[in-house]
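2 protein chains.
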Amino acid sequence: MRALFLSFVASLGLALPAQADIKDAVTSFTLENGMDVVVIQDTRAPVVTHMVWYRAGSADEFPGTSGVAHFLEHLLFKGTDTLAPGELSATVARNGGRDNAFTSYDYTAYFQRVAADRLELMMQMESDRMVNIRLSDEDILTEREVIIEERNQRTENNPGALFREQKNAAQYLNHRYGIPVIGWRHEMVTLDLDAALEYYERFYAPNNAILVVAGDVTPESVKALAEQYYGVLEPNPELTERARPIEPPQTAERRVIFRDARVAQPYVSRSYLAPERDAGAQREAAALTLLAELLGGGTTSYLTERLQFDTQKAVYTGAFYDGESFDDTSFTVIVVPADGVSLPEAEAAMDEAMQSFLSKPIDMEALARIKMQIRAAQIYARDDVGNLANVYGSALTSGLTVADVQEWPDILQSITPDEIIAAAKSVFNLDRSVTGYLMKEKEDAS
Amino acid sequence: MRALFLSFVASLGLALPAQADIKDAVTSFTLENGMDVVVIQDTRAPVVTHMVWYRAGSADEFPGTSGVAHFLEHLLFKGTDTLAPGELSATVARNGGRDNAFTSYDYTAYFQRVAADRLELMMQMESDRMVNIRLSDEDILTEREVIIEERNQRTENNPGALFREQKNAAQYLNHRYGIPVIGWRHEMVTLDLDAALEYYERFYAPNNAILVVAGDVTPESVKALAEQYYGVLEPNPELTERARPIEPPQTAERRVIFRDARVAQPYVSRSYLAPERDAGAQREAAALTLLAELLGGGTTSYLTERLQFDTQKAVYTGAFYDGESFDDTSFTVIVVPADGVSLPEAEAAMDEAMQSFLSKPIDMEALARIKMQIRAAQIYARDDVGNLANVYGSALTSGLTVADVQEWPDILQSITPDEIIAAAKSVFNLDRSVTGYLMKEKEDAS
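Residue numbers (my numbering), protein chains in the order written: chain C, 1 to 446; chain Z, 1 to 446.
Simulated from the structure, these hints should not be mistaken for laboratory data.
Predicted model, so just to flag it, every value in this text is computed and none were measured.
A portion of the hints provided could be inaccurate.
Copies of one chain are not kept apart here, so a pair can be met inside one copy or by any two copies together.
As the list claims (entries may be wrong) - With a straight-line cut-off of 20 Å between C-alpha atoms, the simulated SDA-like cross-links for lysine to any residue are:
no.: 1; residue 1: Lys371; residue 2: Glu201
no.: 2; residue 1: Lys440; residue 2: Leu430
no.: 3; residue 1: Lys425; residue 2: Glu441
no.: 4; residue 1: Lys440; residue 2: Asp328
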């Protein structure tokens, strides 16, 4: 039931930040114990989304314990002194709501969506499990089976996922973004109570958490409840500034060839190390966001026009970039060749198309259309206040501020063609890239 | 002055273990505080080699602090309460001896070679700096400049070293063997007193150390002195069993292309993840040791015959394997192409030669010759009792025992052609390999 955010899936999604119009509905403040609070008021329906985001994900794990962030996310649904195992979710359901949790490289988040008058109950339970979790050895054994089965389903049985895992490991030489969120299987099987509690005690504390409440509430009512339930928790005095090992200069082009008999559709994929959105400095990331759309964002994109329609060398092309990341992220281009086209031919066609894109002026009509689509998506996104809670939670755990989220739509609109070309030229550096071939066994990769 | 063992250099050296004849001259025991002691008696000259080996190298570092093991090795030559900075080395020199230290993935070692009657003085100083190091912020700043300059000399100014660094990072997906012993530059510049002391306090303790004394001594005299100087030190009760993150299944062939205008001689190099010598289980590593010699161990090796003499596609070929490693190591094959031969052609010739090697019976004459050469080298190695101290120290910090070291020569002699072919077939798996091209800029790698 718990959802694991996989980087590839995340990178497929179009970022849908809040548009400037809703700026006034967002209030943020910090409790005395250091817990940040974001309130998004939306009174159209008497419901509320209550989320707690921890500034801790798989990239914050100790070496040798990969998967523990996600494992702990599962274990948080076991009991506390006052909550029996499973009681939190059962209580949410009995009150007509739904709940879930998810883990990524940079965060772990828990949420419930319930009728607005049940917010206090949610805070009571969520604040309880922030500090009072009680785990038994049996909890560990049973839930470890669950996460291993989750890995079997998502990764082991999926050659594309196994390929992306090996390729991602080659993308990062030093940073833990190279290690899968769900964990390496051989480390997952060794995760124990100590590893889970160590991670819990290090990261689960009000001064490492962000409360996001969105829906039919007032900032004042949220503040009063937050102070009552979260404000009384002791901060972790040992919490240090977040710093993970960062990449050394990447100076060698890498290639990864993954062969698996189960592969139905071979493809070539290239990822480049790319800058992420930084607080107060989002223009390059905005340019890369537009670049991904121009290059491979759909049926009118450059790669599609060139490789699917003109030369018919590909049956699918795509370009993906998600700037929401605490440290350097990646920009990925994918080409699925047509029948009879080899992967080296598809790669050559991809290179040729990217070169050609860079050598010409940006198509201003396409850029205007894409900016319009993004603006529209941002306006539609407003309809789902739960989604806005996600936008703020993921942004804040990625090192951004409320102001950054609110400035993002206008920054995207203001990006010039020159900035897009400059960003592309800076990022499309083979020395910082990994080119991957996903292929059936015994095909020729050369 | 301090020597840093680089893996590439280490892998070039033929392993020279002690032969069975000297078994009786080696005595080992453990002090009550957990410190292991190995005594190698050799009375031919009135000198002694005194070494302390720590079971801690760069692969034991915390993430983000790469280079701290080697940095600390430098800092150990600063003072203690009773030794002024530089006094230890000055005292050794004044007594006619020499001293040095070195750091690798799995160990840090300190040694002095002096007249046998100065052994007590060495123990007094070495035991002092095991627990009483005193470091100032100025020590940190000056010595950090030294190690950064060392990196400049060894790595930054050497495209081959930069290439091997990037390639090695691609070989390991999870283990810290993928991170350079000397450290990533961007992390070295942040190393501070806290990082150095944290490593020191975690690993520098008698129960994590091995004393090796070789030369004109008796086991009894060494034991008495060791108890007096090292035996009185408190063990570190928090020391845990050594365990570093190990590799997940490697399931994708990797390639690394490094371009640098300074490259004078391009070459292709392929490394395969390979098992190391394990305590009580050294046969596969012994087979790989012989395989490296047969395949690329010199002017009569298979690759040389085939690629340098027959087809003249190469001007140099080599195969390298060093089984002394705490965790999985690598087996590397290198081909330097002749003028006019491209790297892809050289690689194809290498593949063809390796296939051909595997498809034929082992040349029994060549195998007998190699076994004889190894035996001879082991006998010659006996002449250098200091080298024997190295053999025992590095073996014991790599997880082997004195018995393993002493059995190794006979194991090598007993390896059959079938075992060599089986080891080759097991290790030569492209999915666990990295193929690297070191080339000048703008050459074609495809």
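Structure-based check of all given hints:
| no. | hint | result |
| --- | --- | --- |
| 1 | Lys371 with Glu201 | neither (44 Å within a copy, 56 Å between copies) |
| 2 | Lys440 with Leu430 | between (25 Å within a copy, 15 Å between copies) |
| 3 | Lys425 with Glu441 | between (35 Å within a copy, 18 Å between copies) |
| 4 | Lys440 with Asp328 | neither (31 Å within a copy, 28 Å between copies) |
When held up to the earlier numbered hints, the structure conflicts with 1 and 4 and fits the remainder.
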